[in-house]
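A.B. asks: Single-letter residue listing:
2 protein chains.
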Amino acid sequence: MQFHHHGYVSGDPRVQNAAAEGLHRPDELPEQMDLLIVGSGPAGMLLAAQLSQFPEVNTRIIERREGRLPLGQADGIQPRSVETFQAFGFAERIVAEAYNIGYMNFWTPDPQQPENIIRTARTEDYAFKISEFPHLIVNQARVLDYFAEAAADGPARIAPDYGVEFLGLTVHSEGEYPVEVRFRYTTGERLGQERTVRTKYVAGCDGARSGVREAIGRKHLGAVSLHAWGVMDVLVNTDFPDWRTKCAINSEAGNILHIPREGGYLCRMYIDLGEVADDDNHRVRQTPIEEIIRKANDILHPYTLDVKEVAWHSVYEVGHRVTDKFDNVPEGSTQSPRVFLTGDACHTHSAKAGQGMNVSMQDGFNLGWKLGQVLTGRSPENLLASYSAERQPVAQQLIDFDREWSSLMARKPEEISDPQELANYYLATAEFPSGFMTQYGPSSIIGSATHQSLAEGFPLGKRFKSAEVVRVCDGNAVHLGHHAKADGRWRIYAFADAPTAGQSSKLAELAEWLGSAESPIHRFTPAEADIDAIFDLKVIYQQAYEEVEIPLVPDIFLPKTGPLGLTDWEKIYAAAPSAWTTSNIFAERGISHDGAIVVVRPDQYVAAVLPLNARGELTDFFAQSFLERRNLSDSAPHRP
Amino acid sequence: MQFHHHGYVSGDPRVQNAAAEGLHRPDELPEQMDLLIVGSGPAGMLLAAQLSQFPEVNTRIIERREGRLPLGQADGIQPRSVETFQAFGFAERIVAEAYNIGYMNFWTPDPQQPENIIRTARTEDYAFKISEFPHLIVNQARVLDYFAEAAADGPARIAPDYGVEFLGLTVHSEGEYPVEVRFRYTTGERLGQERTVRTKYVAGCDGARSGVREAIGRKHLGAVSLHAWGVMDVLVNTDFPDWRTKCAINSEAGNILHIPREGGYLCRMYIDLGEVADDDNHRVRQTPIEEIIRKANDILHPYTLDVKEVAWHSVYEVGHRVTDKFDNVPEGSTQSPRVFLTGDACHTHSAKAGQGMNVSMQDGFNLGWKLGQVLTGRSPENLLASYSAERQPVAQQLIDFDREWSSLMARKPEEISDPQELANYYLATAEFPSGFMTQYGPSSIIGSATHQSLAEGFPLGKRFKSAEVVRVCDGNAVHLGHHAKADGRWRIYAFADAPTAGQSSKLAELAEWLGSAESPIHRFTPAEADIDAIFDLKVIYQQAYEEVEIPLVPDIFLPKTGPLGLTDWEKIYAAAPSAWTTSNIFAERGISHDGAIVVVRPDQYVAAVLPLNARGELTDFFAQSFLERRNLSDSAPHRP
Ligand SMILES: Cc1cc2nc3c(=O)[nH]c(=O)nc-3n(C[C@H](O)[C@H](O)[C@H](O)COP(=O)(O)OP(=O)(O)OC[C@H]3O[C@@H](n4cnc5c(N)ncnc54)[C@H](O)[C@@H]3O)c2cc1C
Ligand SMILES: Cc1cc2nc3c(=O)[nH]c(=O)nc-3n(C[C@H](O)[C@H](O)[C@H](O)COP(=O)(O)OP(=O)(O)OC[C@H]3O[C@@H](n4cnc5c(N)ncnc54)[C@H](O)[C@@H]3O)c2cc1C
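The listed protein sequences correspond, in order, to chains A and B. Residue numbering for the first sequence follows the working numbering, beginning at 31 and increasing consecutively. Residue numbering for the second sequence follows the working numbering, beginning at 31 and increasing consecutively.
Be aware that one or more of the hints could be misleading.
Here are the simulated DSS-like pairs of lysine-lysine, each with C-alpha atoms no more than 27 Å apart in a straight line [unchecked claim]:
id, chain 1, residue 1, chain 2, residue 2
1, B, K338, B, K325
2, A, K338, B, K249
3, B, K355, A, K325
4, B, K325, A, K590
5, B, K159, A, K590
6, B, K568, B, K515
7, A, K492, A, K515
8, B, K159, B, K495
9, A, K325, A, K249
10, A, K338, B, K590
11, B, K249, B, K325
12, B, K338, A, K515
13, A, K338, B, K515
14, A, K568, B, K495
15, A, K590, A, K536
Derived list of chain A stretches under chain B, where covered just means 3 residues or more per stretch with a C-beta under 8 Å from a C-beta of chain B [claimed, not checked]:
id, stretch
16, 471-483
17, 486-494
18, 503-509
19, 578-585
Calculated directly from the structure, the hints in this document are not laboratory data. Glycine included, C-beta positions come from ideal geometry on N, C-alpha and C.
Using the sequences and the hints given, assemble the complete structure.
C.D. replies: Printed below as a string of structure tokens:
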């Protein structure tokens with residue numbers, strides 16, 4: 031964690047200095063704003079936290095509810111989401127309070143006595159095999175609390191306007207604030223009052239029954255048939271021995287997905303209520319909790335639940351659906367979008383694979399920095415078209431997987447020939463439900479794979495998979511990727527060729543060029559901003575940390591920034607193992623010993639892999655999505 | 031982290047339910063109280079956080095300052111302190127924001143050009159070699175913030191009364207509240223007003239110039255000669271390559287202890303100003319900051335500092351001193367103490383070995399649970415005599431070490447024959463400055479070493495060194511010691527003999543006896559309290575977690591507690607390595623395969639090591655410090 035950069039900070043370093051819009055944020059929704067986020071679920075709150083790092087942007091977030099979500103809804107957190115939490119500064123805190131999934135056990139009818147269930151398989155969870163972060167279970171409410179804290183403590187000081195319901199919007203073709211939004215107060219003195227405001231952009235993060243989706247005339251496509259789950263968060267006493275282990279339970283009486291919850295006592299049970307008949311008309315939602323508990327007891331036979339407290343329950347009806355496009359621009363048009371859909375507003379999933387909250391957050395992460403770049407004038411408006419182009423196919427792919435997976439999980443015991451089969455499938459497809467299968471195709475913000483062989487372990491379009499390196503200034507083993515906070519900056523990692531600092535090398539030549547006026551860093555960073563305000567450049571030498579002498583490292587890796595012009599010591603890394611790590615990032619990520627440039631986007635996806643001497647290509651790549659250097663004295667990007 | 035035990039908790043689980051005194055804590059200092067803590071430094075704040083776990087006790091803490099400490103003072107955090115923070119619930123948060131010491135480098139004059147310093151040795155820090163926790167540098171103010179949070183969020187909801195200055199006290203020989211305390215308001219409406227209150231006990235945590243010490247007539251003993259250090263927390267630009275590494279710098283111009291601080295930019299320099307002359311009369315304190323900076327530059331030659339901001343500076347004069355006794359009872363008397371001294375009030379150290387804040391916290395940790403046990407009626411008053419008996423020798427030992435260490439560090443370059451010598455000494459004595467050398471001798475709360483061979487790795491009287499085990503209920507690898515929160519409870523670890531659960535074994539016999547009316551658990555736990563309210567009993571089987579079937583584990587390890595009578599699933603562990611850990615606690619801590627009982631005190635010190643069948647000895651041990659089972663309906667110990 032870096033702080034004290036603008037001078038000494040006495041209190042919690044997680045609270046950044048307020049800046050720009052954050053210095054005088056009115057309580058009242060203003061008449062005009064840059065961005066209006068509708069809905070404070072996982073997608074909306076991540077977006078708010080992300081935009082809080084762009085304090086020049088006037089962002090507001092409205093929510094129909096009167097206040098914070100107290101309980102219920104989703105709870106499964108994929109490793110990819112925990113990586114994201116790390117970037118927002120709260121991974122270690124949420125890990126400390128969450129349930130960590132170590133195993134998933136499978137229960138099926140005892141062949142001898144089929145009315146009884148028996149444990150037939152234990153499978154290790156996959157998280158640590160593909161990430162340095164675990165697979166967690168924690169209340170959606172707590173996830174939202176942490177994002178709310180990040181939004182409030184960021185320089186823009188963003189907090190939701192609760193008790194405000196979106197009613198409708200009109201996208202005008204002219205004007206600086208072309209989107210007209212109607213809303214109504216749902217609480218307080220102005221209960222029932224309606225108002226109209228103007229904004230440049232709207233993010234529709236308003237969930238499965240999205241009013242924003244309706245307002246822009248987009249439709250959910252796909253099977254309308256719904257699957258119903260009785261869901262309960264319960265405190266019980268039980269003789270079921272796997273109460274604290276995640277289980278898939280297939281019995282003659284039905285199926286349960288059993289999820290232990292944070293805190294050591296509470297668990298969630300998803301009791302399969304089957305496909306909802308077309309003429310059901312939501313009657314399934316009337317299923318009483320007693321019926322759900324009774325059914326759970328039947329499925330668990332010979333074990334029983336003695337329910338002491340029902341913290342929350344619901345009948346959760348969900349279909350696999352996806353919207354054809356995630357913005358307001360008609361297919362084929364080259365207009366830039368003004369309204370976006372994220373999360374459940376444009377795709378819904380079964381609860382089983384635990385996708386909903388996780389995918390929704392990644393939507394927000396994809397959209398946030400793009401809005402930030404456009405609204406601060408760093409990038410042209412058409413960058414925003416890439417949001418739907420990138421996220422819609424991901425959602426579609428997830429829906430397809432989800433359908434396959436869910437039907438597998440819902441099969442009757444007699445259909446499963448081999449009890450190991452499900453377990454095997456579960457492991458084989460681990461990357462998918464962990465959130466790591468997403469791969470964006472080539473575009474203005476994902477380069478071509480021509481030089482992929484220089485860094486095989488950083489596939490273009492996939493998330494940058496961190497590894498340990500040694501920070502040269504103090505010899506600490508740190509995760510290279512963990513330095514990349516969700517601050518809206520791009521990362522350029524210069525993996526050095528064989529010589530160390532002070533020797534002539536391709537790296538040294540690159541550094542010299544990067545420091546020159548020709549370099550994309552200079553060309554695309556506003557003149558008055560810090561040199562690392564947009565591009566956070568780091569070097570990783572192949573040597574051990576003792577073999578890199580800081581005075582011999584090129585200046586561009588020791589930038590002097592901020593009001594005090596202080597040297598940043600945390601841009602220089604060493605790859606060879608040390609007393610504190612056995613990792614060597616060159617070996618672990620297949621990086622060429624001739625070196626490589628790896629460019630990573632603000633949402634942590636690998637954008638370019640290039641040779642150290644590919645100067646023209648590097649410049650060309652950034653020129654596709656950045657505007658030339660300008661003198662932006664009144665909207666200099668902020669760096670904490 | 032365990033919560034939801036009393037029913038569902040929606041918000042931050044670190045905030046426990048208020049109870050007893052915490053339900054109606056008046057803002058105003060009351061006329062009478064159980065315990066008055068004087069001073070909100072590390073010792074006092076730890077004590078407040080600890081007593082917050084005893085909500086039946088009416089604890090108040092007064093502080094002369096108007097509010098929280100904003101900056102300055104100590105910053106070195108030993109691994110033992112981080113272990114302590116873990117028990118108070120904030121280790122992961124403070125680790126995330128602190129500077130982690132990976133190396134200590136040594137600089138001495140260049141033999142070729144003695145006016146220049148050169149790096150002569152790098153030594154790895156010792157922390158991870160003797161603890162699972164690092165050696166940190168973080169502002170004392172932040173340590174106090176976290177303890178303040180723990181005190182405020184504990185069931186007793188304790189917060190300091192700021193702006194209240196202790197003036198004096200009288201210990202009367204009679205009455206339920208025998209200590210009369212005089213104080214004055216130093217701020218607000220009542221500025222200057224004096225008041226008198228009555229309390230059962232006073233903890234003097236009021237620092238080096240302790241008024242409490244004076245009031246009970248104790249004197250600092252030992253060398254009066256003081257050593258002066260110019261200390262500065264500065265933001266600089268510099269060409270000194272080890273700016274971000276801890277260094278001991280011995281140059282011809284003097285000595286510096288260089289300490290990088292949290293946040294990546296700030297560092298602290300201790301510039302040696304030498305022994306203070308007897309007739310100095312604190313003139314050294316007038317040393318201007320310019321002089322300190324000039325001296326630092328001289329010592330660093332040929333490197334230079336360009337100071338951008340001085341966050342804090344001070345001339346810190348400190349002598350090696352210790353008070354002969356840490357309570358108000360005259361040597362030889364069998365009276366029970368009423369007034370205690372902790373931290374700097376009874377011992378001071380040089381800044382170099384970084385002891386001050388750390389030892390002070392361990393004083394508080396030692397005293398806190400004893401006050402809690404006595405004030406809730408669990409233990410007789412004479413337990414409190416053990417505080418001075420245990421802590422005074424520790425302080426004396428530290429002072430001796432400190433003197434030796436400091437003089438070594440202050441030697442002139444020409445006196446050091448071998449540059450490796452200091453580095454070697456540093457490593458060889460690692461256990462001491464990490465805070466792990468403390469070993470309490472046999473007493474009513476430390477048993478005899480007769481059976482030490484059953485658990486060689488848990489030396490009696492030393493802190494319980496945690497190791498990883500597998501939690502049977504969910505297969506997660508967890509640190510056994512991390513379950514032991516600073517909640518005032520004792521831990522009894524039953525390390526099983528060879529058979530697993532369900533087979534006849536010495537462990538099974540022990541469990542049966544522990545569940546009977548004869549057992550010390552029953553005899554010393556109040557009748558109306560939960561069975562684990564005082565003694566937190568756990569079992570560790572030798573098998574892999576898959577080989578321990580929970581339904582076969584004795585009931586005493588699956589207690590049903592709290593208002594809902596909920597099963598606690600986190601008392602059963604397995605030692606054999608698993609998918610998630612290579613550790614085997616039996617091997618790592620030299621535990622006999624015949625099993626062993628290991629008893630650990632609330633402050634994490636090993637109190638007894640016994641064979642599984644040593645029933646009489648176990649009962650006798652607890653009978654020395656606990657009162658027999660009582661029916662305490664109005665002061666049932668609280669468990670969150
Ligand atoms: C009752 C319920 C139970 C669920 N249970 C599960 C579960 O058991 N397991 C699981 O994996 N997932 C579950 N989900 C789904 C999961 O919560 C979502 O996938 C996830 O929250 C999607 O995030 P989001 O930000 O897209 O939308 P949401 O979290 O739905 O957030 C949308 C927000 O927009 C607000 N909003 C809606 N309309 C308006 C408006 N007109 N004006 C202003 N604000 C508006 C809503 O109040 C809400 O806060 C459940 C969802 C619901 C609603
Ligand atoms: C100015 C200063 C600089 C220091 N610098 C360093 C350093 O550089 N490195 C290092 O390792 N250690 C340093 N120390 C020492 C280190 O801070 C202490 O060892 C540590 O704080 C001891 O903790 P404590 O709780 O015993 O006492 P303290 O932290 O001293 O706390 C005592 C508290 O009691 C309060 N108090 C005192 N008298 C009264 C009264 N009559 N009524 C009410 N409240 C009262 C004080 O305001 C203070 O908050 C410094 C201490 C001071 C005071």
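A.B. asks: Each hint: holds or not?
C.D. replies: The hints, checked one at a time:
no.	hint	in the structure
1	K338(B) to K325(B)	17 Å, holds
2	K338(A) to K249(B)	58 Å, violated
3	K355(B) to K325(A)	67 Å, violated
4	K325(B) to K590(A)	25 Å, holds
5	K159(B) to K590(A)	36 Å, violated
6	K568(B) to K515(B)	14 Å, holds
7	K492(A) to K515(A)	17 Å, holds
8	K159(B) to K495(B)	12 Å, holds
9	K325(A) to K249(A)	35 Å, violated
10	K338(A) to K590(B)	12 Å, holds
11	K249(B) to K325(B)	35 Å, violated
12	K338(B) to K515(A)	26 Å, holds
13	K338(A) to K515(B)	26 Å, holds
14	K568(A) to K495(B)	39 Å, violated
15	K590(A) to K536(A)	24 Å, holds
16	471-483	violated (count 0)
17	486-494	violated (count 0)
18	503-509	holds (count 5)
19	578-585	holds (count 3)
In summary, the numbered hints that this structure violates are 2, 3, 5, 9, 11, 14, 16 and 17.
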